[in-house]
Amino acid sequence: MSTTNATTPGPAAAPLRWLMRNPIWGFVLIIFVFFSLATDHFFDIRNFQNIMVQTSTIGLIALGMTLVMINGNIDLSVGATLALAAAFAVDVQSWAMFATWGNWQIFPAVCAALLVGIALGALNGFIVWKTGVDAFIVTLGAMLGIRGLVFVYTGESSFYAMNFAYSDFSALSIGPLPVLALIFLACTLAVHLLLSRTVHGRNAYAVGGNREAAINAGIRVGPHMMVNFMIIGFLAALSGVLLSTQMGAATPNLGRDYELWVITAVVLGGTKLTGGKGDIIGTFGGVLAIGILRNGMNLMQVPAFYVYVILGSILIAVLFLDKQFNRRTQGGLRL
Amino acid sequence: MTETTTQPALRLQDIVKTFPGVRALDGVSFEVMPGEVHALLGENGAGKSTLMKVLAGMYQPDEGLIFIGGGQVRVANPMEAKAQGIVLIHQELSLAPEMSAAENIYLGELPCKSFGRVDWKALYARSNAILERLRCRFRADALVADLSIANQQMVEIARALTVDARVVIFDEPTASLTDAEKVVLFDIITDLKAQGVGIVYISHRMDEIFTLSDRITVLRDGAYRGTLTTAETDEDAVTRLMIGRSLDLSQRVAAGEVGEVVLEARGLSCAPLYEDVSFQVRAGEVVGFYGLVGAGRTEIAETLFGLRTPNAGTILIDGKEVTIGSPQDAIRLGISLVPENRKEQGLVLGMNCRDNMTLPQVGDLTTGPFVSGGAEVSIFDQYRDRLAIKTPSWRQPVGFLSGGNQQKIVIGKWLSMQPRVLIVDEPTRGIDVGSKSEIHNLIRQLAGQGYAVIVISSEMPEVLHVADRIVAMYHGRVMRSFNAGEVTEDSLVQAISGIGNGKAA
Amino acid sequence: MLLTRLKAGGPAIAKQGILVAFILFMIVFSLASDRFLSMDNVMSVLRQSAIIGVMALGVTVVVIGGNLDLSVGSMLSFATVLVVDLHDKIGPEMAIPVMVFATLCLGAINGFLIGFLRLNSLIVTLGMLSAIQGLVLIYSGGQNVDIVDQSGTWFRFFGRGAILGIATPIIIFALLALIIHVVMSMTPFGRKVYAVGGNPTASVFSGIPRSRVVFATYLISALCVAVAAIILGSRVMGSQNNVGQGYELQVLAAVILGGTSLLGGSGSIIRTVLGVLMLAFIQNGLILMGQPYYTQWLVTWAVIIIAVWLDVAAKRGRLFSPIA
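Protein chains in written order, with our numbering: chain A, 184 to 518; chain B, 156 to 660; chain C, 1019 to 1342.
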């Protein structure tokens, strides 16, 4: 993609306008170029594979969070859901009833894990729908509660995958693409299509952008939100399964603080907390920005600590710039 | 109109709708024939928008019957209304900003292929057809957030054309349209009319109503005041019906001595909201700012209260030039503002009556570092008695009070600060009839006690009743000033409609 | 039936709901375990709840003002690492004021961004959470810090000492709760916080300096964190550099359980204290009943949602949301 061609305003204007709408991609581009020049090991196919695998965990959840946040909701329970799903995935495959299934024992385990994620999402969504309690509070409670379930289930200990096929899975590649990256990209494409091409996806913008109008237009807002909570539950569970294949184990503290990272990625990608605005392209950019920054600074042997400071500052800066651009809407009244 | 045997497209009979503290609709009857434009007229708070929401299924009436095409129906929600062919075009836009125009036009009914995919081809084809019919210059795939307000309004109108409408309700549709866009809109209305669709047209603007409508129904204070055939009536008759009893100015409380000039503005501008505004307010007089919504009156009040920075002109208090950079500055100078929107700007609804009333001075009502509850209660008691505020106790959250009593709390809040200038913006909006005259008398009394009072209003009887002098505004400019004795309704209407001295058509 | 009762005496019940639930829990636990209401046990619960409690006081003020503070956890790590590290370098009498000042600076950044620039508090404090965590790690070089002479320093008084047999953390928590309660319920400042949280626009129209009030709420929150850090550093005599991780949401849970609305403008310090104590006693009671400690999270989950649900239901006058 050519980005700078000042002599021909026509073709150049379109990418520029696109970049104005997705400023995070400008940032991704800048850090990409910067790290490519600044370190030898960054611009390397193997490193790109690394980045994709490293970001897949947060990235998958961020896809779901985008949906939920476009609805004007939020889900703080994703880290705990991830841990519970990972525990199921690793534990169920060692159940006696599947002992004779060989490598097929992984199948019911992964199914169970994904179902757990969907069920927890459905529970959150149902509570938000029926009680009318703010999603922030509902999922804050769920964050604590589901983490409790993880501990109840695991009894505070880690589960280890006995079937090596399971932990080998994460090392698989299809052509140049690690299979984990492939799954992430496939999900990104799927959620992007869902959000931009389907009736459900388009309705998400109406539900978050103007809930009254959505209700008046006959969109069933409650079930709609519940479906999105189920999708994020599914994606958090999938993320947990993939993470546990990487580790060959599931620890009870898996995924702590992930909700904060995920929200950071999604907000960096331009999705509004108040709802009604955002897209997967932006979220993907936000996820990549975090991934490249972490990876690049690691390669430059900058201690990981600085990444936190930089990410936090960028998050606030994005918010500040957004506010500056949208200042005119207030009509000049000093409140 | 000739005798017809057709059923009305829509008929309401004796509709009653009450809200806590207000009887918004009091036995209103209304009908629209197929192919008729029926204008609904009334001042702010007369019940037009409530009636409209009943029509569109957004409110359930407490009493009364609704007939569509002759059969009695219950309209439980907007979808049912739409299914019955009744479409409301909102004044407040009900669009989702980050969706395309087409998606908004077909919101809730996006055409669908397999797997829930949106059928974009069909969506855009149909939407573009409608937009073309409306002669819109933008395409259906434009993002609503990128459209001008007028174009957003067009999207809203386009929505009505997606269904086989029996009745289309337009709520102040021209408020944000240019003249050219208005012409298009009127053509559309004529089209719809020719197709036998019944139109309910709500507007303030007499010229539009007389151009478009076949009949006019007037509401006042939530009650039905009569239906006129447009061809057989004139603006005078309609205005009289709107305003009601001819004004009895002799009843108004006499003001006291008019004193020195307290507040003066010279060439005050806050472009593009208002420009070159000059006026004086004396102690003991009420100056009324009269004009349509959007004429710049509220913005002047906000400037005087330190919430807007003027880009030209000066403000003088007692002849000395002052800068007012914040509400705190304004309060220090003795200026106070009873804002237009009581619930959003005037009150903290969850807070009790006493705390709301003493809010601006709570920092001064202290013994040591603590708020003196006793001092607060005594101030509250004093103004409760003086303003006759009805509340069981000062502990009552103001949200539970009636509109009139809420307004008195806001007025009391500022009176207890002993201001020199009291600005009251739309003092009786959303307040029932009884309390209205009470508030009017109160304002007269305050002037009598030596306050310099500014009343901003878009209700003619209110300014006529309350003001000693009237400043008429149009599009951010002062058109004329009148003394209460010499003003006529005609001249006032002309001034705020931007008509010079010529007679209105 | 519940519905009609909610409609009738709804708000009153909802207001006292936390108290009722608290008493119910206390009765159940004291029946289930003899030790539960023993002096020793109560004291140890109170002492353990002091750190979360002190932080919850500050967060309550912020939430009443209509905002959120998710940065308190990182800020606790920061303050604790700083005070412990400086203890051996410049002595406790200097370490404490330096740490308090530095923490207040962080609070001031929050307050400036949210109060004066009007940025969304959730995102700002989320960013600060990350940034401060980074600062701590940079400062400590990723190493945990310790106080060498743990028994000789008077700094031990704050976390391990006692006055008249009552552990110092309890006394600090109680005193601070009292002070902030008085500030919020009896001073002009407190009134202004409620007004700004309840209706920011109306408070500006009433001449209240909204930006400065919000700014001050974040200073109070930071101050509470500094106090919590003193207790924590003194009790542990050392600090891991992520010691406060996850505190922000636990603190928020206690505040919500106390009935403070996230919308701002309502809530009270006393009820936050109840929320904190309730969480602490649930945890303790379950352990005494032989349950593993993490069962408290399950109970908390249910308690939070039911508490807020009843509150919301009472306000709208019906149990279930009307949304289809």
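Careful: at least some of the hints might be erroneous.
Unchecked claim - Computed cross-link-like contacts, DSS-like style, restricted to lysine-lysine with a CA-CA straight-line distance of at most 27 Å:
#1 K313(A) - K1107(C)
#2 K498(B) - K545(B)
#3 K1333(C) - K498(B)
#4 K276(B) - K460(A)
The hints are simulated quantities; they were obtained by calculation from the structure and are not laboratory data. In this text, all values refer to a predicted model and were calculated from it rather than measured experimentally.
Proposed proximity, K460(A) with K276(B) (alpha carbon, max 27 Å): holds, 24 Å
Given hint K1107(C) paired with K313(A) - CA-CA distance at most 27 Å: violated, 56 Å
Given pair status - K498(B), K1333(C), alpha carbons within 27 Å: holds, 18 Å
Hint consistency between K498(B) and K545(B) [alpha-carbon to alpha-carbon, up to 27 Å]: holds, 18 Å
In the structure shown, a violation is registered for the earlier hint numbered 1 alone.
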